[in-house]
Amino acid sequence: MQTFASTISKVFYGTLIHSISIKEIEYILQGLLFIDNQGKIAKIVKNVSLDKLDAALEGVHTDKLVRLTGDQFVIPGFVDTHIHAPQYAFCGNGHDLPLLEWLDTYTFPAESRFADKDYARRLYSKSVARSLRNGTTAACWYATIHLESCKELVQVIQEQGQRAYVGKVNMNQNSPDFLVETTESSVRDTRAFIEYVKDVNSKIEHKPLVTPIITPRFAISCTSDLLAELGKLAEEYQLPIQSHLCENMNEIGFTMSLFPESVNYTAVYADHGLLNDRTVMAHCVHMKDEELDLIKEKEAGISHCANSNFNLKSGIANVRKMLNKEIKVGLGTDVAGGYTPSILEALRASRTASVALDMESSLVVAELFYLATVGGARVMGLEDTIGNFEVGKEFDAILVNASTDNSPVDIHDHDTVETSFEKYLFVGDDRNHEKIFVQGKEVRIPGAASRK
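full-length UniProt numbering numbers the first residue of the sequence shown as 1 and each following residue consecutively.
In case anyone wonders, no lab produced these hints; they're calculated from the structure.
If you're wondering where the values come from, they're calculated on a predicted model, not measured in any experiment.
Among the hints, erroneous ones may be present.
[Claimed, not checked] Below, a list of computed lysine-lysine pairs in the BS3-like style, where the Cα atoms sit at most 25 Å apart:
#1 Lys117 - Lys198
#2 Lys10 - Lys321
#3 Lys23 - Lys52
#4 Lys198 - Lys325
#5 Lys64 - Lys23
#6 Lys232 - Lys64
#7 Lys435 - Lys40
#8 Lys52 - Lys64
#9 Lys64 - Lys43
#10 Lys441 - Lys207
#11 Lys296 - Lys321
#12 Lys52 - Lys117
#13 Lys40 - Lys198
#14 Lys23 - Lys313
#15 Lys198 - Lys23
#16 Lys64 - Lys117
#17 Lys393 - Lys321
#18 Lys288 - Lys313
#19 Lys325 - Lys203
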């Protein structure tokens, strides 16, 4: 019979920080976090003094013990609910244009290069690695229309070890000739991509990392018959869905001219079977109350992309209103509308956006951290799997060192665990990420500097 000790692969001893609700961050001092051989959290013991450490280990050998220093802490990995893998090629460029002009000038020409799967592999390797370095352990990725390059993104994610939803993008109208599919080819290639991921996953012994996600770019780029067929695929395979919604006023007007039979933009997706509890809608900047009510009714989630919304001059989403309606909300970097694949930066931009919108009810630290972790997990339908350190969840985490070499954070003798953590959230970056874990395994990030 297996003993408890024999089922454990790693134990962390030190400071553990996670969200236990949208209003409360739990700071566990001198905590023991046990990770089992399946990569799940087996047990947490709080307030274990050094003289009681050996007994609290319950027979687990000390070679499995990771003892954190006073400036180190472990937090759940970040969840990026909206990011475009091919757009990393021009991340940081083009923020002088509004959305639709930006797509024509930067995005569509860049994405056309992904007809070359060798180019796709090179670029995707950099995109995923940078995301992981920034502490994103789970991401909702958009690829392009190109089937073979989409497969390369899946392979790169599997190799690097990130948890991910990956979408083959669908576009059959109002797009450049070099990026337009037919309805038939779009549906055929989407089905082929889904079957490809299923086949890849069937050969993996442990729980698969990659899930296909149905991905109409946005309503403008898809005819009604294509949207309907994608809704049928989502239902047939019980897959998540992602798209863009109410990002820009010109986009909304154009969409409604294309779909006059729908009462509003949000209803366009609902009318085509694409709005349900597995749906992730990005932006939602200019939402009518009835649209938010429809999102709530369908139990869909919203990816808040404040950085992108500022850069492309789209506007400011009212996250407080969404939360008051108990809508699922997570954070998205929206590379390359957002200039960085850092959820820390997304968190900061979200704070600024909320202050600019309403100083009296702006988002506070506990809410921001929740949105970056548990909130994102809920949006992806993974709240029972990741997001915090509840026993039974999988261990996706970041080992943070607030005082690592060349740290952007300075810790002083007056700082507490709480103030050090807050400094990390608002000042820290990937240099503070000493180790990244997904499914209990340390991720080896290509190109990352080796750290002790």
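Hint-by-hint comparison with the structure:
Distance restraint check for Lys117 and Lys198: the Cα-Cα separation of roughly 20 Å lies within the 25 Å cut-off, and the hinted pair is therefore satisfied. For a cut-off of 25 Å, the pair hint linking Lys10 to Lys321 is broken: about 41 Å separates their Cα positions. Pair hint Lys23 plus Lys52 does not hold up; C-alpha atoms about 32 Å apart against a cutoff of 25 Å. A threshold of 25 Å between alpha carbons decides the hint, and for Lys198 with Lys325 the separation of about 36 Å lies outside it, so the pair is violated.
A threshold of 25 Å between alpha carbons decides the hint, and for Lys64 with Lys23 the separation of about 34 Å lies outside it, so the pair is violated. Under the criterion of a C-alpha separation no larger than 25 Å, the hint pairing Lys232 with Lys64 is inconsistent with the structure, at around 48 Å. With a C-alpha separation of about 17 Å, the suggested pair Lys435 and Lys40 falls inside the 25 Å cut-off, and the hint holds. Only pairs whose Cα atoms come within 25 Å are accepted, and Lys52 paired with Lys64 is accepted, the gap being roughly 17 Å.
Taking the CA atoms of Lys64 and Lys43, the gap is near 15 Å; set against the 25 Å cutoff, the hint holds. With a C-alpha separation of about 12 Å, the suggested pairing of Lys441 with Lys207 holds against the 25 Å cut-off. Between Lys296 and Lys321 the CA atoms are separated by roughly 12 Å; this keeps the pair inside 25 Å, and the hint holds. In summary, the hint linking Lys52 to Lys117 is not supported, as the alpha carbons are separated by about 55 Å, beyond the 25 Å threshold.
With a CA separation close to 23 Å, the supplied pair Lys40 and Lys198 stays within the 25 Å bound. Simply put, Lys23 and Lys313 have alpha-carbon atoms about 30 Å apart, too far for the 25 Å limit, and the pair is violated. Distance restraint check for Lys198 and Lys23: the Cα-Cα separation of roughly 38 Å exceeds the 25 Å cut-off, and the hinted pair is therefore not satisfied. Between the alpha carbons of Lys64 and Lys117 the distance comes to roughly 41 Å, so the proposed pair goes past 25 Å and is violated.
Restraint check for Lys393 and Lys321: the C-alpha separation of about 30 Å exceeds 25 Å, so the hint is violated. With a C-alpha separation of about 19 Å, the suggested pairing of Lys288 with Lys313 holds against the 25 Å cut-off. About 42 Å separates the Cα atoms of Lys325 and Lys203, which puts this hinted pair outside 25 Å; it is violated.
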